[in-house]
Every structure is written in C-alpha cells, then in structure tokens.
Amino acid sequence: MNLSLLILIPLLTAAAVLLMRNAAQVRWVSLLGASAQLVLAFVLLFLFNQQRAAGNTAQMLFETQYNWFPSWNISFHLGVDGISVAMILLTAFVVIAGVLVSWNVTKMTKEFYFLLILLSMGAYGFFISLDLFILFFFLEIAVIPKYLLIGIWGSGKKEYAANKLALMLMGGSALVLVGLLGIYFSGKEHSFDLMKLAALNIPLQIQMICFPLLFAGFGVFTALFPLHTWVPDGHSSAPTAGSMFLAGISMKLGGYGCLRVATFLMPEGAKEYANIIIILSVIAILYGAFATMMQKDLKYINAYSSVSHCGFVLLGIGMLTKTSMTGAVMQMVSHGLMTALFFAVIGMIYERTHTRQVSEMGGLLKRMPFIGTVLFIVGLCSLGLPGLSGFVAEMTVFMGSWQHPDTFRRIATILACLSIVVTAVYILRAITKTAMGPLKEGFELLTDATWNEKLAALILIAGIIAIGIAPFWLNDLIAPGAEVIMQKLAIPK
Amino acid sequence: MPNATYIALIPLLPLAGFLMLGIFGRKYFKNTSGVIGAALLLISTVLALYTAYGYFFEYGKVDGVYQKLVPLKYTWLQFSENVSIDMGIIIDPVSVMMLVVVTFVSLMVHIYSLGYMKGDERFPTYYAFLGLFTFSMLGLVVSSNIFQIYIFWELVGVSSFLLIGYYYDKPSAVAACKKAFIVTRFADVGFLIGILILAFHSGTLDFNTLITTLTSPETEGYKSAAAASFMGVSALTWGLALVFVGGAGKSAMFPLHIWLPDAMEGPTPVSALIHAATMVVAGVFLVARLFPVFAISSPNALTMVGYVGAISALIAAIIACTQTDIKRVLAYSTMSQIGYMMFALGVSKYGGEEGLGYTASMFHLFTHAMFKALLFLGAGAVIHYIHSNEMKDMGGLRKYLPVTHITFLIACLAIAGVPPFAGFFSKEEILLAAYEHNTAIYWIALITSGLTAFYMFRLYFNIFWNAPSPLERAGGEVHGEHHGEGGFVMMMPLVLLAVGAAGAGFIPFGHFISSDGKQLNTEFHLQFSIAPVALGLAGIFIAMWMYKKQNNRPDKIAASLSSLYKAAYHKFYIDEIYTFITQKIIFNLIGRPAAWFDKNVVDGMINATGNGTKDISESIKGLQSGKVQSYAIYFLAGVIGLALLFIYWWT
Amino acid sequence: MMQPGLYHLLFISTALFFIGVYGFFTRRNLVTMLMSVELILNSVNLNFIAFNKYLWYDKMDGLFFTIFIIAIAAAEAAVAIAIIINLYRSHQSIDVENTEDLRY
Amino acid sequence: MNEMLTLMKPELVLTGIIFLLLFIKLGKGMKNETLLLLIQVLLLLNFISGFFFNAEGTLFGGMYQTTGLMVLQKNILNLGVYLISLLFADWFKKSEHMPEFFMLMLSALLGMFFLISSGNLLMFFLALELSTIPVAAMANFDLEKRRSSEAGMKMILSSAFSSGILLFGTSLIYGATGTISFAEIPFHLNGSPLQILALVFLFSAFAFKLSIVPFHLWTADVYEGSPVATTAFLSVISKGAVAFIFMATLYKVFQPMQAIWYNLIMILAVATMVIGNLFALRQQNIKRFLAFSSIAQVGFILVGISSNSTDGTTSVVYFILIYIFSNLAAFGVAAAIAAKANRENIDDYKGLYQSNPFLSWVLALALFSLAGIPPTAGFFGKLFLLTAGASKGSYLFIIIAALNMIISLYYYLRVVRSVFMDKNDLPMEKIQIEPSAKLALIICSAGIILVGLLSWIYDYIQNLV
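Chains as they are written, first to last, in my numbering: chain A, 1 to 493; chain B, 494 to 1144; chain C, 1145 to 1248; chain D, 1249 to 1713.
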C-alpha cells in the first residue's frame, strides 16, 4: 500500500474540518477521518503481516520515495517495519479516542479539531519517514499544535505550561537538528536517508558527538531525566484530548527516535553511553514513581507516572538487548494506550466533579459505575496487572535487562522492579480514594459516561486487553525490528 | 494421556462466568447470577473430580511413579528461542489435588453465598469476582510455566483485592484491600526477581525443564547457578529464597502476614474461600511445586522455609489466643496452620521416607481446606445471625444455631487434632516429620498445637456457650432471629464440609502424593501421637474451664501475664512498625524529598535559565541608549577591535 | 627644502580622519557633526589623491573616486541638512541630546 | 547599445518608472489611487519581465556586471517593493506626497540594483549611497512626527559616518592593491595587516547596512520612528540587497582572505543572534520588536554565508525570498492594525483573534515562518542556512545558532499568545483591510506556505548559482 495515505488522510481531514460550517459537522468529519485512519492502520497491519508471511524479509516494507530538494539529497522516503506499524496502530487508537472524548468542546471547535488532526498527522509522518529530514520536519510540525492546544483550551497556568512545553521540546529538537547535521556530513556523499546512513558505518568520533545530542534531544520528548519537567505541567494544564495526545503519542516520538535514529544509526555511541542511559532511566523510573506518590492532582499523578513509565522505555533501549528493546517498544504502545485512557477518564471525572484533587473525591463508583470501572482497569494496567498491556511490556523489559550478567545492570533491573511496588502504592491511593469509600456529598447527582466517552474508553480498553491477553502478535511484530537493530549493534567497530 | 480440553474447561468455565456476569450481570442477571455462577462451578467441580479420578486411578501412574503430564501448552510470549512464557496445563498429584480442593471449596462458597449474599445490590458483581478468583486460582495450580504461575499469582492477588474491597464504601474495607494488595505486591517483587534469576541460569521458564536442569549437577545451568554468588550466597539459593518471599507474602508468613487479619473485611464466604482454604496456601503450593529444586539443590533455602513457617505458626497461635473478633481469630489460626504446612515442607527431604514432610504438608493443606472453610462458613452463619464479629456480642448460641453449632464443633475438633478427625492425621504426620529431622521445629510445633486447641475452643465456647445468649440479654426478640440459620443453601455446604473435616483423614494420602511421585506408606505410631493429643485435650479443657461459663478467670490470667498479653493483643506491634516505615520513612524521607527536588531543583533550573535570559536582556538595554553618537562610538570601537583582533591575535 | 612624501600626506589624512571622528563623537550640534563627517570624507579624498600620486600614478582611479566622493558628500549633506531643518521644526532645537526619544 | 538595453533592463525600466513619476508630478498630477495602481502594474510588469530575455555580461569595462542570479536577486527585491506598494496602499493614498515617496523608494531600489551588479568599488560606493540617502529621506517622511524626523536624522548621520569608514577602507584597499575593480583585487590580496584593516573597514559598512552587531544600533530607532512602509523597505529590501552583494564580495573579491572573514563572520553571527534575540525579548512596540527580530535573522543569514559555498549562496537567496514574504506579512498586519486601530503595542493585540481571525492567522503564519516552524517556508530556509553553515563542521557554532532559535521562538510565541490566548476586556474592533493589502497578505501567506513545500523553487535558484 502507499504509505503517503497515512499523511494524506489527516491532511484532507484537516482541510475538510476548515471547510465545515458548524461544530457538529466538524466533529463528525474529524471522527470520520480518525476512523478512516484507524481502518487504514489495521489494513496496514494486515498487509504487513501478509508480506512477512509471504517471506518478504526486507527491513522496511512498502517503501515509497519521491525526490524532494535533490540538491540536498533529501527525498520524501517512506517505509515501515514492525515497530513503526505498532506505533501507527497506537496513534490511530489514541487519535480516534481523543476525537471522541473532546466531543463537547464548545470553544473554537473547528480550530480545536484542526489542530488535533494536524498533530496526529505529524505523528503519522514521523513514524513512517525513512528520511531524517522529513522525520525532523514532522517532529517539529507536532510542536506548535500542542502549544496552541494547551494555551487556548487548557486549564490552570496554561500559558506557562504551554510555553515551557514548546520551548523545551524545541530545545530538544534543536539538539536533534545538530545531531542530524552531524550525521548528514559524516558520509562521503551527504545524505539524510536512514537506510543509506545505516549502510555506511558512521565514524566513531562523530558517533561520540552526535549520539548524545540525538539521544538527549529525543529524550526531552520522552521525559528523560532531568529534562522531563515539561511533562507534569504540560499534561496537567492541557485539555483532555491534548493530554491524551501528548502522553499517548508525542512522548512516543521521542522513544521511537531514540531507538530508530540514535541507537540504530550509531550503535557504537549507544554502547558507549549505555550506562549513562541506564542510570538516568532508572532514576526516572524510581524518582518519578516516588514523586507521584506525593501528588494530589489526578492529572499530576498520571503525568509523573508517565515519567516513571517512560523510564522503562529508555531502560529497555539502554539495555541494548533484543528482548529489552522489544519490551521498550511494547511499553511505548502499552503506555500510550494506557495513559491516553487514564487522561480520558480523568477528563470525564473532571467534567462532572469539576475537581481533580484526589482528596475532594470519593465513592465515584456508586454514581458512575462505568467510569469507575474504567478507572480501575486503567489503574490496574498501569501497575502491571497480567491480562493488561502494562504487565507484558514491563516483564519483557525486565527479562531483556536481566540477560546481562554484570552486576551493574542487575542492580539497575532490580531497582526498576522495585518501582512496581511504588506504582501499586500511588495507583491504589488514587483510585481507592476517588472511586471507593463513601460518596462525597455534592456528588449525588453525577451522571455516568455518555456514548462517545464510552466508545472512546472501550476502544482503548480493547487495545490494552488485546495486548494483555495475546501479546504474541505484538511481539512478533516488533521483535524482528529489534533484531535488525541488534545485528547493527553486533557489528564490531 | 488426559484430554486437555476438558481440563482446560475447569478454569475456563469460571472465567466465562466472570465475563458474562461482569459485563451483563448488572443488566440481565440481577438475581439469577448466583445460580449461574454456582452451576458453572458445579460443572468444573465434576470435571475436576473426574480428572482426579482419571489421573490417580487410570493414566497417572507409570510403573509406580505418578508422572508430570503436560496435556496442553502453547507459547504466549516468546523472549528468545527457548525462553518463553507458555500457557499450559500441568497435571501431577499436587495440581490435581489442588484442582479438587479449589473447585470443591469454591463450589461450597458459591452455594453458601446464595443465601449469605441474598439481596445484596451488587450480587452479580460479587459472583463475577468469585468467578474471576476461581479462574485465577485454578489457572495458578495447573500452571506449567513459572511465569504463568506468576501471572495467575497476580490475578489471584487482584481478585482477592476486589473481594476484600467488595464493600467499597466502608473505609476500613478499602484500607484493608489496599494493604493486602500492596503487601503481597511487595512480596511478588521478590518472586519476580527470583524468577529472573532461575530463568537466567536454567535458560527456561518451563517448570519441568527448569526443575530437571536445576536438580542435575552436571548441567550448565546448575553449574552457573551454583557458581555465581552474591554476598556469599549462591545465585540458586538467592533465586529460591526470593521465590519463597513471594510465597510467604501470599501465604501470610511472618513478617508479611499483616494483611491477612485485615482481609477479613471482605464478605465472610470470601474469607472462607480465599483467605482460608485456597489462595493463602498458594505459597505452600509454590514451594511444593519447586520442591525438588529446594530439597536437592539448596537445603539452606529449605531450612529457611522451615523456620519461617515454624515462627509464623507460633506467633500466629499466640496472637489468636487474645483476639476477640472471631474472624480475626480464624485468620490467625489460618496463618498458624499454613505455618505448619510450610515447616512441614521445610523439614522434608526429597524422595522416599525422607519425603514424609512433603506428603504431610500436602495432606494438611487438604484437610485444612476442609475444616477451615467450614469454620469460616460457620462463623459466617453466626455473624449473619448476630450482625457482629465481636465475641462479647455472642454466647449461648447453640440453641439457636444447632447445625452451625455441631459442624463448628467438628471443625474445632479437627483443627485441634483430636482423633479421629481429619486434622489429627495430617498434624500427626507433620509432627512426625519434624520430629525426625528438626527437633527445634518439633517443639515449636508441639506447643503450637496445644495453643491451637486452646484458642479454637476459646472461640467455640465464647460463641456457643459462655454468656447468656443475646436473646436473654436483649430480653426479647434477637435481631436476625427471624431468618434463623439461613436455610438449606447455607446449611448444605456446612454439612458437606463437616463430612470432609471428619472423614478426610482416612484418605491414604501418601499413596497419591509424595515428593517423588512414588507411593509412600505412612504408618501410624500410637506412642508418638500421645503427646500432641494430650496437649490438644489439655488446651481444650483449659479453654472450657475458662470460657464455658461466664467468669472472671480470663481477665485474671490476662492481668497476670499482662505485658505478654498486651503485646499479643496488639499483634506484637508489627502493624505499627510497618505504618512507621511506610508513613514516616518512605513517604517523608523519600517521597516528599523527591517531589520537592523535582519541583524546586530540576524544574527550578529550567525556569532559572528562562528568567536568567530575561534578566540579561533587561540589564543590557542600556546599550541602546538612543544617542546617535554613542552608536557611532560602538561602531568605531567594533571596527578597531575587530581589526586589532585579526591583525594581532587570530593570525 | 624637502618634498612632502606619501607618509606625510597619509599622516595628515589620518589625523584629519580622527579629528573628524572626534568631532562627530563630541559635538552636540547636528550641523557640526555633519561637518565632522565631511572632514572624514576629505581625509579619504586626501588618501586617494596621495595613493594615486605616489603609488599608482599610471591610472586615474583615485582621482575619479575623489571627485565622486565630493559629489556624493554634497548630496548627503543636502539631504542631511533638509532632515535637520525638519527636525528643528519639530524639536525647536538641533541639539543631538534632544533626540533621544527612541531608545532601549 | 542594445547589449546595454538587454543587460541593464531592470535598471532601465526602473529609471523609466522614476522619470515617469517625476513628469507626472511636475505635470498636472494624478489621483493617488490611479497613480498607485499604475505603479503597481508597472512594478509587476518589471517583475514578470525579469524572467525573460535576460543576458549575462559586463558593461563599462567591468564596472557593471550581470548574471542570471543577479537578475533573480533584483527580481526578488522588485517583488518585495511590489508587495510593499500593495500592502501599504491606504497609507500611500492618504499621504499627499505619494509620488515623491515612490520616487525615493524606487531610486533606492535602483541603487540596490546597481549595488548587486556593481563590479567595481566606485560603482559599489555610488550604488550604496544611492540606496541609502533616499531611505533616510523616506525615514523622515512623516514630516510632522517628532519620531520620524529623529529617525531620519539618526539614519542619515550614522550612514554618513559608516560611509566615511567604508571610504577610508576603500582608499586603503586602493592604496594596497592599486585597483578598484572587483575582478582584479583578489590577485593582489595576501592578507597583510593593511589589507585586514581595509577588509574590516569595508566589512563594517556592510555590517552597518545589514545591522550586524555591534553596527546595528541605529536599526531599532530608525525602524520604530519611520513610517511602516519605510520600515518594511529597510528591514526587507535593503537587507536583502546588501546580503546579496555582501556574499558576492566575500566569495569573489575577498576569497583569498577566506580564513579571516570566516572567523570574523562566526564571531559576529553569534553576537548578532544573541544580542538581537536578547533585545527582542523585551520589546513592546511591534515595529521595534520586528527590528530586533530581523537583526537576529541576519545572524542566521551570516551562518549561511559563512559556508562559503554555492549551497550557501543558494540558501541565502532562498532565505531572503522567504524572509521577504514572512516579514512583509508581519509588517502588513502591523500596519493594517496601526492604521485602523492605531495600536502598535504587542499587548494591544490581546484577543485579536476574536475580532480579526484573518489578520491573526496571517500574523501567526508570518511569525512561525520567522521562527522556523514547519510546515512554513521559514523552517526550510533556516534549516538550509544551518545545514550550509554546518558543512564547515564547527558544531559549537551550529549549537549556539540552534539554541538561539529557541529564544526567538519564545518571543514570537509571546505575540502569538497575546493574539490567540490572552483575554481582552476591550478587544480590537473588526478591521476593514484594503483589498490590495488583503491581496498582498494572501500572496505572502501563499508564499510562506508554498515556497518551502515546492522544492523546485529551491532548485531553480540552485541552477542559477
């Protein structure tokens, strides 16, 4: 199939949104676009597996290439491997859910949906681009919509949060840019093309400079300690769909970049800096978890827990084993779905109770069984309950990390394991305080989820459970991709 | 070879029940859900019994040894070519026995709950949760893969969490379920790391392969595991010890037992099912599952298991003597009995006569399931009647609850180890095993058995004799009088279990279950069993002397050994210690600082850069003075400066 | 009597240049500042003439350059004077220190 | 003769227009509207004709030279002036001295054309003056405004001073090499101290026009004081022209001293970006704000120039083209608001989106393009400048540049924020935009979006280089 469809559909949807006359039309058009995208994602998954089953072992499938700025050797080069397919599926799920939960956004509906779709387009483009230039292009496209989403439709100290987010992400992409330029000039014939660059082994000294730049740059997106501080503010002041997209999709851009660009292209650099990555990610995991314990605001709780959970992504990458990298990608997908669902639920609760303070809630299960149940499911998923996606991902990371016999990595792994207790503590604190216990007065008249909210939640839950019950399909999708990276790592200097 | 499909159905039917009732229950099966659940479980029970029959009497035994059969197994998550999580079914004596126990007790509870939970607004949810639990527990016992067992382990934990927190609007229940989950979770981390270690060295997650690798010294896996050592202890021992930590957490072994008494916040049938008969023995089951590795490759780990078990048994028994909430008493007695099973494993060796402890432990697990479930259900009937858990609200109930009274008495006799009731036989074997291998543990066990008899009958007398019945006290109609003992659905399970509690002892257990699968003939030594029985009777009589009639002897005695009594009454302050560690240390010394650090230092740095830039821009605005002449000066200065720079330095 | 050489002329022109610069920096009257600029330009003229006469006497570039500079200087002065007059209208003064509304 | 006609076509046409205006003015005159329309049409024609019958060659013994690239550069400037004539239509129509203004502006443009084509220091000097002096008069065009006259004064005095320095440098070069023709100078350059001095003196003049730190100080004041049209012209057209010739001079004339001016540019580029950004941070007046932002932009242009390669040339020309669209769009919006609502402060823009979505979106586009955010063309422009600069492999330089993009993003977002997010109790009323201004804004927006995405534009430039 032609991958440009994945970019075209959002583009067309966005254009259509601008043409619509009233809010209702806007909603339905965006929903239509999002569902089309979801269908497309599944078609892609199907065709991809078909190709693989047919024995097509090329690293990238469905490659398409258009010349673009030939004088710089920039070409619009698209292609997917298992990892990208997984990420695309994730995006499609989150997008449609996000469109659904923001059904009753009344303020500047058109602009809101326009930006949402634009943001999703950036994500799709990022995941399928095999040319570092367009990869960067899409990476940055996604920033400004976030800024506006938070700044216009956000709550709390939104301007501050929006600024912080935009500037920190831009800072990240600035580092990425420099790293990319470094790679660009590393070869004889200058090129941004991922596959070409992968073919030529980038000189060591350039790897030493560019790997940290790229990793830190992408790390900003995926909340690499200590560059994570945009996460709590950004997530908590964003509108519901905004938070879902931020945590569900854009944080994954970073992880994907770390894996696909930094680690894949510069294995030596990765080996060199692996320990630092591991240390930072373990810090992020534990410290994020402990910081979460102290939060009072549901959104802050989820934001900080995202820091902790994305730590697993970086840990998986830093461990540099096939299993751990597979786990990292799984964790990206799982965390994407999970956190999107979590934010969706928080949004639903907030719309009804008009508070996000854990202390001001209680007994919601009585008045809104559906939302309460979803809250339980997502909470259990986030603390890694088997049968839900979180467990699979984290266990895979652990298994992969443990494959190193050296004590340092062992200890890192054990520390990471300990975090699941802390996670249990804060998650249970949050959900028991809100959903259980006696019903707070004033909440007697709360209503349960509406159809669109239910649909959104169910879609995401479906994803979570599909991974939790039958992880093998995701594993089979991702593992070969990780395998390729491992082969690149295996090549001696 | 057994037919996998119907064995698979045993756990899957409850799962079906869970899904059906969980999703549609509230809408469609408001009242029928109980029956549906019970019916489904009845089927699985029958299947389980059929399986047991088939295994033990038809295909299980190959030239005198019970085989470990794996009729079903498919790869769930592949890590590397031979390391993978498989979903499978393993059929061996232990798992079959557990299948029977779990399904049977669970069925009893399902039926009992029909009456007990009648009219509860979340009736379907309750049965859904029961279904979920049963499914997870059954999945756990048939796991053929150590990671599979971990998966169901967690599921069991969460269903117990859900059931403890079933009355979710009761703050104490919420606190209890949270506590239960977190404590067991903490233990599970140990389990997880243990799995990682064992899997790394044995290079597999499959039980059979893992056990064979780690028990045969010539394999690479064994060598590496024995060679690699951390803090002077071999990796293998670490692995097993950590796995046992997981087991200890679930089985409420000291010092991870604190969640069990609070778990009694759940509905009483649930306590009977989960926190007495089935889930809490998962730890014992786990150790039994890995028993060859423990026994052959790492005796130290096994010894640890023994002592932990013994200590837990004793402490629990002491505490049980002082509690006044009847369910808590039962909870502690459960802990104590599980302690028995644990140290029975701990003192056992692998194979032949030496393996007596293993058989005994399993035997006790079996019998205990019967009478402890019975006790809880009986207590449930009492509570159902009185609407209180407190002994002081009870007394003289024998008139009002005859069936409960008799069955309860049988159970008490069984647990007290009075012949010919079930408890007697299993306990005998345990004590025998302990006596043969570890005297210290033997004495502890002996004392404990005396205490057991005492506190059980303290309970019994306090409920059914002692004070004038509430009727007299209330001087009129007792609340709950009108619905009597709760009718057939609640009595039938009691009776069935009572039969079990009375008769289970006569099963020649050694013939079926032994450490190495070979038949083990346990002969009965009269002279040996005198001491424990005597102690037991003594305990009973003391209890009778103290509690049969209302009097002030208990208070006197309590006063006389006040400090011990107080300590025991406060459960030796273990809860307080935990609270201190979590609240004061972890929250205050780690959580808050982390949050503060993030807010002020990390975030502060980021903001500082921003504000710093602003300040600089503010401070240099004088450059743009608006004086055209100063502009010119800067101009010329720039020219000359650059000129000098490049003429003199840069070249 | 000795002939003045290139370096004498360059010295004078440089001196002239810096005098002009100095005047431009210090005078407060706009017209005077303008005059100082003219000094600078004239120093340049002197340079060109000198170089042309002593170093590259075979070509006339320097001379032409000077002529053009003079012409341009005139034009510049014209516009400048016009602006200054206009400034006087609005400011009622041609003191450079009164023209600091636009700053920072 | 006819060779002259073909080679000097743009200049001749422009001169024609200027004289036409002169005659019309001297004659009985004409209504502003019609005259403006006439001018617009003529400029458009000149722009279009710029793509046809071009030739390459030199005139007057190499004093005047022209190549395809130069014609293109002239055309870009021409386009810019055309857009200006559209954008500020209502201001032109109001002023009773419109023809004079255009005479001045066009003669300045003519000066720039000659500047681009100059092949000789004398020619260069004349052209530079021709492109400077009229602008000073334009700066003072709001005759009754204090600030306007102050701006004019600052402009003329500082430029006079800088041309003094320039000439001194020129004289030194002449002294050192004995020639004033660009073609011959390189053969006599050997990096002797005198020549370095001369280079720096010459450099300073460019720096002055490009407003490179520390020669930039006049910029903000003049921009703020002058009428918007002049500011736009200064910040876009004259910057562009000087950037072109600057690059040409460095690459061709001073190629032998490449090592020196590379470092020179690196230092100044960093200084320019940093200072420009730091000052832009705290500006309130939109014109002054844009002035400093344009200084920062020049810093990026320098990064591109520093590459000293055809890529550099291409990306600079490309960037200037984009920059014209972006900056003119910004100025156009500012002018429309200033003219109608008489607001020039960024805080006055609060809640603009509520009343004027069109202006807001155009402004946002322009600012994003200036900040280099995809998919606007600015992203490509900046990225290519940086890529060209990075070819020299001095990472620190590039990192500083990249980090400066963040600062600049901050203050561009400040405007976006007050336009889109901030509440305003007395929001601006709906503003009626001149049709021609609207057209110009649409052209600019189209340019901002398309110039980047349509890569053939870049290739077209590349082929001319």
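Derived from the structure by calculation, the hints contain no laboratory data. Among the hints, a few may not be true.
What the hints assert, rightly or not - Computed footprint of chain C on chain D, listed as stretches where at least three residues anywhere in the stretch have a Cβ under 8 Å from a Cβ of chain C: (1) 1398 to 1407; (2) 1421 to 1429; (3) 1657 to 1670.
This structure is a prediction, so every number in the text was calculated from the model and none was measured. Beta carbons are placed, not taken as given, at the ideal position from N, Cα and C, and that holds for glycine.
So, going through the hints one by one against the coordinates:
Judged by the Cβ-Cβ criterion of 8 Å, the region 1398 to 1407 of chain D is covered by chain C as claimed, because 7 of its residues qualify and three suffice. Figure legend: the region 1421 to 1429 of chain D, annotated as covered by chain C; annotation consistent (5 residues with Cβ-Cβ distances under 8 Å, at least 3 required). Coverage of a stretch by a chain is defined here by at least three residues with a beta carbon nearer than 8 Å to that chain's beta carbons; for the region 1657 to 1670 of chain D and chain C the count is 0, and the condition is violated.
Going down the numbered hints, you'll see the structure goes against just number 3.
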